[in-house]
Each structure stands twice: as C-alpha cells, then as structure tokens.
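J.: The residues making up each chain are set out below.
There are 4 protein chains.
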Amino acid sequence: MNRTLNIAVIGCGRIGRIHAENLATRIPGARLAAVADIVGGCAQEVADQFHVPKATNDYHELLADRAIEAVAICSSTDTHSRIIQEAAAAGKQIFCEKPIDYDLTRIDAALSAVKKAAVTFQIGFNRRFDPSFAKVRQLLAAGGTGQPHIIRIPSRDPEPPTLEYIKVSGGIFLDMTIHDFDMVRFLSGSEAEEIYAIGDALIDPAIRQAGDVDTAVVTMRLKSGALATIDNSFKADYGYDQRLEVFGSKGSASAGNHAPDQHMLMDAAGVHQAKPLYFFLERYTEAYVLEMRAFVEAVLNKQPPPVTGIDGLQAVIIGLAATRSLRECRPVKLSEIR
Amino acid sequence: MNRTLNIAVIGCGRIGRIHAENLATRIPGARLAAVADIVGGCAQEVADQFHVPKATNDYHELLADRAIEAVAICSSTDTHSRIIQEAAAAGKQIFCEKPIDYDLTRIDAALSAVKKAAVTFQIGFNRRFDPSFAKVRQLLAAGGTGQPHIIRIPSRDPEPPTLEYIKVSGGIFLDMTIHDFDMVRFLSGSEAEEIYAIGDALIDPAIRQAGDVDTAVVTMRLKSGALATIDNSFKADYGYDQRLEVFGSKGSASAGNHAPDQHMLMDAAGVHQAKPLYFFLERYTEAYVLEMRAFVEAVLNKQPPPVTGIDGLQAVIIGLAATRSLRECRPVKLSEIR
Amino acid sequence: MNRTLNIAVIGCGRIGRIHAENLATRIPGARLAAVADIVGGCAQEVADQFHVPKATNDYHELLADRAIEAVAICSSTDTHSRIIQEAAAAGKQIFCEKPIDYDLTRIDAALSAVKKAAVTFQIGFNRRFDPSFAKVRQLLAAGGTGQPHIIRIPSRDPEPPTLEYIKVSGGIFLDMTIHDFDMVRFLSGSEAEEIYAIGDALIDPAIRQAGDVDTAVVTMRLKSGALATIDNSFKADYGYDQRLEVFGSKGSASAGNHAPDQHMLMDAAGVHQAKPLYFFLERYTEAYVLEMRAFVEAVLNKQPPPVTGIDGLQAVIIGLAATRSLRECRPVKLSEIR
Amino acid sequence: MNRTLNIAVIGCGRIGRIHAENLATRIPGARLAAVADIVGGCAQEVADQFHVPKATNDYHELLADRAIEAVAICSSTDTHSRIIQEAAAAGKQIFCEKPIDYDLTRIDAALSAVKKAAVTFQIGFNRRFDPSFAKVRQLLAAGGTGQPHIIRIPSRDPEPPTLEYIKVSGGIFLDMTIHDFDMVRFLSGSEAEEIYAIGDALIDPAIRQAGDVDTAVVTMRLKSGALATIDNSFKADYGYDQRLEVFGSKGSASAGNHAPDQHMLMDAAGVHQAKPLYFFLERYTEAYVLEMRAFVEAVLNKQPPPVTGIDGLQAVIIGLAATRSLRECRPVKLSEIR
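Chains as they are written, first to last, in our numbering: chain A, 317 to 654; chain B, 317 to 654; chain C, 317 to 654; chain D, 317 to 654.
Calculated directly from the structure, the hints in this document are not laboratory data.
Among the clues, some could well be false.
Said to hold, decoys possible - Below, computed lysine-lysine pairings styled on DSSO-like, alpha-carbon distance capped at 30 Å:
hint, chain 1, residue 1, chain 2, residue 2
1, A, LYS483, B, LYS483
2, A, LYS539, B, LYS431
3, B, LYS551, A, LYS649
4, B, LYS431, B, LYS551
5, C, LYS551, B, LYS451
6, A, LYS551, A, LYS483
7, B, LYS451, D, LYS451
8, D, LYS649, D, LYS539
9, B, LYS649, B, LYS539
10, A, LYS618, A, LYS451
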C-alpha cells in the first residue's frame, strides 16, 4: 500500500460525519476528497471542519469526478440502492451503510450492479470490528470454545428513536436487531434456518400505535444446529447494553460492555463502577475507524472486503422473517422469505 | 421459637443426605429425629454419621411415630405424591423435593391431601434461597429495576446425567429447566402465558435416541407482559453456569456465577480467575441450608412457607407446555395444558 | 484416619465458640469432648448448644482427663503461654490461637515445653487457610508468578476495637498487622530482614491518646530480596478489606475481597455490587473450619502441622520491630529484636 | 474560543510525534503550524505525515516566527530548561514534557523566565488526564471517600528501558516514579513531608551496575497526615500495570487497568480475560489528547493551566528525596532537599 485512495462521503448526517472525520484523520491510505449532502450547507460545513477540498449538494458531481475512486454511502436508507447502482456504473469502490434496503428486489438490483461492475462493496456492519466482538470471533475461530451450541445477545439502546423515525424505520427487527442478526451469522459462521420472535411495547404504548414494538426476544435455529437468542429493548436506563456470548462444546466466549473508565468506588452503600458507554457513537468509536481502514485496505490491496453484499442481504432476510414471525405469532422459516 | 421441631428425612440418596446433614448440624430449631431409606443400610449409614437416633427401611414407621412432627421427602420422584398423601394424613408438616410429580392428576391428589390436612407444605425450589438470586429478587421488590421487561437465564450443567436417568427423567424441561421456570415466576411475580421451545442433541446423539435434547432455548410471554428467555445445556466444560438477569424499566439486576475463590493471576497469557463452582452441591450449599431453615421457621412460627404447592404445580405445567412446544414446533399456551 | 480425636476447647469467647461449633459439626475425625471457660456459665452454654458432654470453669480438669487428647486454646492472650506449658506437660496435642504471647521470653518457654513434650503444636493463623489466599500461595508454589519481587497487602478492619481493648492489645502491629506479617512470610517463603513503619491516628485522636495508631503503612525488605508493603486501617466504611498481591518475575497473583453475593445492579447511577463481607467471622468462616481440619488431620496422621510455633514466634518478632520503627521513626532490622 | 492557536512541536521523537499527531487531528482550536527536530529529516517526516506547513532542524526559527503562538517542548530533558527560557523570552505559550529538569537550579531558572514573561506554562503530567485517574480525583473532590488516609499506587512497566537510557535517566525515582509522585500530590491535594524508599535490582543485575534499581517500594507521609505507598517494577510480564487507590474516612476510590477489549473466555482451565494495554502509548492515548486540549483551552481562554510549573518542581523534589533515601537507607524529609 504505497498509494492513497481518494474517497468521497455521500450524506453528511450523524454517521456520515463520523466517517468523514475518520477518513480525514485516522485512516492511513485514505484521502477524503469530497463530501456531498442534499441539505443546504451540510456538506460545506463538514468540508470546512475537516479541510476537505470539495463539497457539493449533488453527489452526481462526485460520481462524475474521475479522481474520486471510492464512495462511502451514508445517505438515507431509501436512497442506498439507487446510489449503489449509480456508483457501481461509475466504477467507484463502494462502502455503504447498513441496510442496503428493506426491499429484497432493490437489494438484488444493487448487488447485481456491484457484481457487474466488479467493484469492491462493503456493508457497514461496524460491530464486527468492535475489539471485544472481534476477539470473541477470533477465539471461536481458534477453536477456544469448540463447536458453537448457543449464541446469546442482549442488545439494548439507551433511549428510543423518535416516533417519526419509528414510523419509517422498517420496524425494530430491520432497524435495530439487524445488527444482532449479522452478529449471529458472523459468530456462528452459519445461516439461520428458522426464527421466532415475540415482542411488545412495554416502554411506550405510542410505539405500538406507531406499528412497532420496543421490547423483543428472538430465537433462531441455525443450519449448523446451533441455537441463538437475542433480546432487545429500546431503553436501558443505564446506557447502551451491548453484550454477547457464544457457548460451545469446549467453553464460552463472551464480550462485556465497555465503560468510559475503570474506576471503582467502595463505600457504605456498596461497590460502584461506571455505567456502559452511552450509545453507539461512544461504544463503536474504534469500530467505525477499523471498518473503514479495512475497506480502504481491501480496495488498495485488491482483496475481498471483510463484510460483503451477501452479508447485507442475509441480515435483511432474517429481519423480514422476524417481522413476519412477530405478526403471525409462529416460527418462520427463512425459506419462506426467500 | 423456643422449641425444637422433630423432623425425619425420607430417602437417603444424594439430596437426602444433604438435608440430613444440614438438619443435624446447621438448622437452629430442628432436631433430626429419624431417617428412612428403602435401600439396604443407607438409612443406618446416615444415622451413624449424623448421630440420628432412629433409622429404618420403612418410612411408614416414621409416619406412625407421633414424636416426629415433620418429614423431608427426598425419595424418588415417582413416590412423592403417595408419600405426601400419607404424611399429610398422618398430620406431618411436609418439605418435599421438587418436582411433586410429572403427572398433574397425581400433583392434584397430593395438594388436595395437604390442603385437607392443613399441614405446612414446602417444595424444594432451593435456588430461591441462593444469596445472589434472592438478592436480585429483593432488588426487584424494592423497585430498583422498575417494571420487569426481560428475564434472561443461562442455566447449564457441567455434565449430562446418565442415559439411564435421561430415559426416566421426564425430559430436560421437567427435570432441569423446571428450576429456571420457577425462577422466572419467582423473579417476575407473574405467571407464564405462552411458551416456545427449541432444542437439539448437540452434545451427544445418544441423548436424542433416549428421547431428549441436551441443548435448548426457551422463550416465554408472561401475563405481566414481560418476556423471558432461558438457555440450557447439559454440558458446560467450565462448570455449573447459573446466572440470571432481570431487565426492567429502570435498570437491570443480575446474578453471576459463584467461584471457589477470588484469586486473579495476571501473566503473559492473560488475566485468569477461578471457574464457577462445579455443580449444584457446591453452588447451592448455602441455599439448601437456608431453604430448610425457612421451612423449620415457617412450621414453628405457624406461618406460610416461602415456596408452596402451587409453585410446585405451576413449574410442572410450564415444563409440560415446553415439552409440547418442542415436540410440535410451535408456541404453546399454558391454557392448553391446564 | 479411622479413629476420632477427642478435643477440648479452652476459652469460650467469640473465637472459642467458633472452634467449638466447627469441632462439633464440621470437622471429620474430631469429637468435641469438653469445653472450659473461667466466666460463669459460658462453658455450659456452649456445651448445651453443641451437645458437648463436659463443661467446666477450670481447664485443669480437662488437662487431667486422659480421654482428652487435644486442646484448642482460645483463652485471653496473657494466659496462652502458661496453658501451652501445662497442656504440653499433660501430653495434649495443642492448637493455640494467635499470638502465643507478646513477650519473647514467654513464647520461648511455651515453645520449649512443646518441643520437650513432642506434641503437635499449631498456631491459629487462620488466613493461611482462606481459599483465595491459599490459592495465591499455590500459584506461587507452582511457579505461576516466578520469583516474588513485591508483596502488597491492604488489610483493613470495618471498625476499630474499643479503646479498652486498644490499651491492652499490644498495639496495631502485634494485634492486627501480625496476620499480615504472617501472610508475607507464608507467601514469600522468606524471612523479613528489615522493616519500616509509619502511622497515625487519623480516625480517632482518642486512639493516639490510648497509645496506638489507627492507620499505618509498613514496608519490609525480605532476605530473599523481595519487598513488601502493607497498609492497615481500623475503619473501612465498606467492610472488611482483605486483599493481597504477589508480584513476581513472571506475573502477579492476587486475592480479592469476598462478597456475600454476586449480584450486579445497573441503573442510571452506575453499576453496583455487594460490599465485602463484614468482618473476620464472615470472611474467614471457611478458613476456621479448614485450619481445624488441618490440625486434626496432622494429629491423627502424625504429620507436622501446617502452621508451627516458629511461625507464631516470627510474626511477633516482626511486630515488635514494626512497633520500634514507628516509635523511633527509622527502619529497624529484625536482628535488633532477636 | 472562536480562534485557532498556532502551535509548534519542538522535538519529534516518540512523544513529540504523539503530540504532533494529536495537534494535527484531534485538538479543536489548535493548528499545528510547524515542527522542529535537530536530527536529520525527522521534522520533515512528521510534517509530511500530518500536513504541517513548516519543518526545521533549528527550533530558533520557530521561536522567531511571530505567527507561532505556542510551543510544545518534547526534546530531550537536558534541553528543556534552556528552551523554556528562550520560548518564554519570545513570548510563546509553553507546554513542556516532564520533567522540567533534574536540577533544581535549572528548574528555578525556567520557572522564573516563565513567570517574568507571564506566559502559560503547562507540564506534561499526562496521567492526570487519564479517564480513570481523573474520575478518582473527581470522586475525591466530591467527597465520596471522605478525608484521604492512604494512597496506594502500583505502577509497573512492561519492560525495562535500555541500559544506555538507565545510565542517564536520573534514576528510577526521577524517571519513572515521578509520575506516581505527581499522582500522590494530585489525588491528595497535599504536599509530601517525608519519604522512605527501598529498592533493588531483582530483574537484572546489570541495572544495579548501571547505578539504578528496577524494583522499589516508597512510602510517604503527607502534610495532611495521609500516608502513601508506591510500588514500582521495570518489568511486569503481563503489560503496563497502572492502578491506584485512595482510601479515606468514608470509602475507597480506585482505578484499575485498561484492557484492549472486554472479552471473557470460560473453559476447562479457568476464566480468562485480556491483559492490560501494553504500555503508555496504548494506556494513555486519550490522556495525551486531553492534556493538550486542556493546554490549548487554557491559552485560548486565558485561564490557568491545569498542571503548573510548581507541579513540575515538586515532583522532582520528591524524586530527589527518594533517591537520597534509597542511598542513605533512612527516611528523608522533603525539607532536606529544599
């Protein structure tokens, strides 16, 4: 890797800014060449902050710029499939935030375009790069836990999204649990066979009226024979709760929460420590850097990316199956979805 | 409590010996007056060890002895219902190991006899007395976690029972998970509404041939709205894994494993600590003492026992529902069982 | 070991009662044959509670009783040396609470008598039998930490003794730190060479007026070259703080506090766990049983006891050196004391 | 703060590069305007990497550049005092790596120059900004532990410096323990009164021949009455061991090590977790950013810096006292040094 990848960020919302900052400061081999956002001065603001040479409201400009070799698609989900196809047609290497889409036909169209253009395509399942989760995967791969039998993932947000967001989010399983579905696949190395989901609006009845649940438990049977259980909540009062465990024939590997510090206070009331880091920006700071480094390295070294379009597709299929299971109150086979 | 309760132990197998030893040495207010076991010299051996005045092969002798006020029934499960009825008819206060029976009719008969005789009846759900589990319950009762939303119980044995035992055990849900079902009821203060179970023989195919599974994940919807998930394995290489967590609207209370010591070794390979205590005899040593103390106190103080016949019945109903769910591959409502 | 050791407890104060209960109920191979206490009905009360055949106000009766083979001396420190000599002359095997005495001449007299009578003599340094501390010793012995370089012991009581007690206790180093001095010897397998002590009455000025300090830090150079540091306080608001660490050429082995349960509460204020067990009766419950088992086994198997008279002597010598160091504000060589 | 501070880094060794990278990418309000290093192309290399407009072999150029408002002095210790004086004379705001010097006269000269020029002067005691240590300080300040009684600091490096470095380092107390001395002052809010040090070369006899020790234990009496104990080693096989505890009248606040991940592996051999982060670059990554942010903010807001010249001076005085104590085998009063 003795050259630099010119990359543009499309979409300068919360996640786009993270990638922009990382690309500008913490990704060896990358040069943040441009940023785009349809909203007013957003792109310019980010460009100013991180000394980016080019800002635009129209990402087509960036696709037309031959000096730009790669794009990080961070725009709203409904635009992903279209931009992927356009970027692929323009020969850009593509990093895309999850999910590709909630519609399998549009995902297919995007993945076909990527395949036809033979460009690198990496989906933003950032948690695979979290040091603790990656370490669990590594222990598994090294055989430390033997054959996986049970995968358990408690995954809870510190606060619910807005009701406006919930109404268009695709539902808890496609918006939130999708990360956990990917984690089950990542850890087990196996595809899901059948899924069963229960859930309710225990935090806020308005969430039910908005058509979603805020608390859910999902169980899965995997093709390998392993079983998985995920529990989700939109609101953990103590912060972002992101743990997981793989129990296997030779032992158990787990990942605990990350805290902002390692203090311990012992007093007459008990022993006290720091809460988990507040939310994904805090917990996955390093994971965002590492996933982008991996993308840049994959492109520069012409190697397959560590997270693929199939990974993006499969997690959506599981999410659709979970959604149907919740609605129909029965276990749903993945083969019913596709 | 300025008097002593004369109590007899019926059945001197592994668990009977534990109760005999505890009654002989660690239960203020109790006097171990007699022991019985149908097998050869078992009762006499226990009597010798713990200075018990009377040993017999026929427990009817003890029921006929008016000086004996209470019995601890530790014989094989198939004898529980009959002995409960006989003991109740004889006016004895009754502590009985779990389960009462696997057959609802026989449970009903036992509970009716107890009710008619108006004797104290406590079922041996020892885990309720485990200091960590009891502390979680206490935190919940004090409101520390708010309204329970999700209950998670990983519960794994260090090694499978023998195949002979498995064939007559009633299946994993009635033999092993029954403790976890009771724990869900104990912690949530709510009854189960519906249950779904998946499982497989991942450890040993012979267990499947014996008609059971060795690995299972169960999810439950409770009447309170809360969701529960339990995972079980017959074989955790690192020892007895007995944890639980109640996640609620204001926080999460959990109980971790207990270790034989609190050492920590830091070396070039990592940071190392002790494994969990090996099995239930080690982990629940104190719980066995505390449950018997509670029984003796309840009798002497003429107060209701902390674990009742209904608790014994309900856990079996849940176990039967889980068994049916596994067999029929669908969620089963408790109302289908009774 | 197919026989039973008849043992008597002399002194039925707090520690005597613990040994009496353990001998009556939890020490295989021992039979608690008698108890003695000079105070009114104390001995009888203990005898009643634990079904002991004999109680007396005059321990000489027990020494004269040929059926009694061993004694556990739990009387006040000032009587230890005399009773040891009498018991040795009577041919009894001897377990004696720490310290033997604060006066080296009286210790010598006691140890000479023991040697001449060739009876087993074990001193009550119970902490050596604590599962966590014993595990650290075992890791060291197995070479897990390499050659010890630094030994660190934070050792803090939950509340100060009474001023009356402090006035006759011999001072913090002979009364409290003596356990830590023994632990340094036990863990390092080396004798102390030189000691330096600083201390102050930071908790209560009345303690200074009583001639003692309530807070102290001691450092030691050992003959092996290792360094040790102990810190003590009479009052830890969070309970009994009993930790230690051995840092060596290949790693570090440490022992943490023991808690009454393994709960964890996560809420908006933080992550909370149980405080350490309150005081020595709670923390060292198991250690008291294990040390007495070891004594009984040593006697029955005619093997050397795990803690010897020399151990009792050496800890006192270190305590005297620390006391002098504090008074004279300079490092004191052990050879200055003896 | 609506302006940017132009700052130059003098000295591009290991620590200079860290500050250069942080200033280039992670310090809002700062602009890395220039870098200097006397060695060949070092400055240019750093300039290339972080897009710094100016590089030079002669830092005097930077002092003469009126656009440069501040300097971070990261050159070798023997140059600190001189550069501080020159920078102060040039009116630059000054951040200087620890220590100012090992010679009190040269420190005085530097501090006088700073005072006369009335520029901001911050010394690089980075550990004060470590999130765990800062949290302990914050808990103390909030009264959570009451009045400090005992401060304990185990502080161990993963591997010794080279013998060449050891020969010119000023000795373990001025080079390594100096951070811990500062931490004692920072946490206690009190000055040291008297110090006693023991130490030896237990890791490598060549270190003794080089005139230093590799293992040391230091105890201190503070003016507040509190006691402190520090233990150091040049070589912890398990990585950088940086913990501390403040025990006070109401409780104990401590900081544990930081690990690269929060994994836990349970297998037949035990429970295993990650080792501490390897060394200061890994452990104090965030602390280096935070201390520089604090400096930049102090300058821009014209507020006093959080670490002052007096802090730099006092730590050296304690280090000199410790060095004398080790050599003379006696407690040394700080007043003997100055």
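J.: Each hint: holds or not?
T.: Here is how each hint holds up against the structure:
Note on LYS483/A and LYS483/B: the hinted pairing is violated, with a Cα-Cα distance of about 51 Å set against a maximum of 30 Å. For the hint linking LYS539/A to LYS431/B, the alpha-carbon distance of about 50 Å lies beyond 30 Å, and the restraint is violated. This hinted pair checks out: LYS551/B and LYS649/A have alpha carbons roughly 28 Å apart, not beyond 30 Å. Under the criterion of a C-alpha separation no larger than 30 Å, the hint pairing LYS431/B with LYS551/B is inconsistent with the structure, at around 39 Å.
Proximity of LYS551/C to LYS451/B is assessed by CA-CA distance (about 26 Å); at most 30 Å being required, the pair is judged to hold. Proximity of LYS551/A to LYS483/A is assessed by CA-CA distance (about 17 Å); at most 30 Å being required, the pair is judged to hold. For a cut-off of 30 Å, the pair hint linking LYS451/B to LYS451/D stands: about 29 Å separates their Cα positions. A C-alpha spacing of about 11 Å is found between LYS649/D and LYS539/D, which places the hinted pair at or below 30 Å, so the restraint holds.
Between LYS649/B and LYS539/B, the direct Cα distance comes to roughly 11 Å. Compliance with the 30 Å bound is thereby established for this hinted pair. Between LYS618/A and LYS451/A the alpha-carbon distance is near 25 Å, which keeps this suggested pair within the 30 Å criterion.
In this structure, the earlier hints numbered 1, 2 and 4 are contradicted, and the remaining ones agree with it.
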